[in-house]
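From just these sequences and the hints, can you work out the full model?
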Amino acid sequence: QQQVKQSPQSLIVQKGGISIINCAYENTAFDYFPWYQQFPGKGPALLIAIRPDVSEKKEGRFTISFNKSAKQFSLHIMDSQPGDSATYFCAASKTGTASKLTFGTGTRLQVTL
Amino acid sequence: DAEITQSPRHKITETGRQVTLACHQTWNHNNMFWYRQDLGHGLRLIHYSYGVHDTNKGEVSDGYSVSRSNTEDLPLTLESAASSQTSVYFCASSEKHEQFFGPGTRLTVL
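Heads up: the sequence lines are chains A and B, in that order.
Residues 91 to 203 (the working numbering) are what the first sequence spells out, left to right.
Residues 128 to 237 (the working numbering) are what the second sequence spells out, left to right.
Incorrect hints may have been included.
Said to hold, decoys possible - Straight-line C-alpha distance at most 25 Å; calculated DMTMM-like pairs for lysine to aspartate or glutamate: (1) A/K190 <-> B/E141; (2) B/K223 <-> A/E116; (3) B/K184 <-> B/E206.
Just so you know, these hints were derived from the structure itself, not from any lab.
Right, dumping it as structure tokens:
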């Protein structure tokens, strides 16, 4: 049973465009929603995270939008750059589980010139 | 600087052999995790530990074991390697919510 569903599997965006990756979760007990970024040959690294008490969080060109009623959250990358080309994973966890994360299946983003 | 390391980075083994992948962190984190990464499946949790002598099964634990004798290390053992265990393995550690990942071990089982 996949508790966090992520789409699309892959995405090609032109430089300067907006990249959007979507995730949906099933477990209403989840209360922490991070996005991880992974470059080829490297381990994932935390990019940005949100809690359900806010509907949006922005850090530079990266924004998480959160819709608690729909149980969905998304990552928007504004002004996408070739250096953003990577695999992005959404994840979710709940308080009291000592940061045990459930990951989505990943989105491979390619930003073209 | 604190870090998390994995060794070996690449390993080729034969079906039926026992294999141990090492994970070492200098963050002094209590929580440690092992994941496998496969195309189309993302990161799947194999085992995790919340402290010394504590271990727990994740969603894909069959055929794997871990032990935690100190804070810094969580070795992952494949008791009898199978071709289905060919994958990239990542170790991670955390104190609160953010997990810090190692560079990964690419394991091929022939």
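Problem set entry | Indices of hints not satisfied (ascending) | Number 1 only.
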